[in-house]
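Use the sequences and the hints to build the structure in full.
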Amino acid sequence: MSDSGNSAQVRMVAEQVADAAITRFHQQQAPMKAEIPAPLKWAGALAVAVATAGIVALCLWVVSTLSQLQQTVTRIDERQQINGPAIGGRLDKIEERLSAVERTGHSKGAGE
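Following the numbering used here from start to finish, the sequence shown increments by one per residue and tops out at 114.
Hints are computed from structural coordinates only; laboratory data are not their basis. Just to be clear, a hint being listed does not mean it is correct.
To be verified - For each label pair, taking beta carbons as the anchor points, the in silico distance ranges come out as:
| # | residue 1 | residue 2 | range |
| --- | --- | --- | --- |
| 1 | 66 | 86 | 25 to 33 angstroms |
| 2 | 57 | 21 | 53 to 61 angstroms |
| 3 | 40 | 79 | 55 to 63 angstroms |
| 4 | 87 | 107 | 28 to 36 angstroms |
Where is the CB? At the ideal position from N, CA and C, for every residue including glycine.
Set out below in structure tokens:
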């Protein structure tokens, strides 16, 4: 009987030592952070990839639009430089004709 009493005491002491070791181990460990589930990580990565692709596409669209606008403005400027003097000459001729018509009309009206 003494063997069974000794083994019970040894078992009781071993359990107390194990409980103390487990408690001490948990006290020394840093608290664990909550783990983010893998599907949520994949969804986040996919959303970031789509947003990045959208921003890159928007930047490329802005650059191409500004390039086209610059080319259009350059063409308009070139046409104005070419046609500017011709338009000025036409306006001078139109003003001369209008003046001639007005003089003719005033002289006819004054003569009657």
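Hints versus structure:
| no. | hint | in the structure |
| --- | --- | --- |
| 1 | 66 x 86: 25 to 33 angstroms | holds (30 angstroms) |
| 2 | 57 x 21: 53 to 61 angstroms | holds (57 angstroms) |
| 3 | 40 x 79: 55 to 63 angstroms | holds (59 angstroms) |
| 4 | 87 x 107: 28 to 36 angstroms | holds (30 angstroms) |
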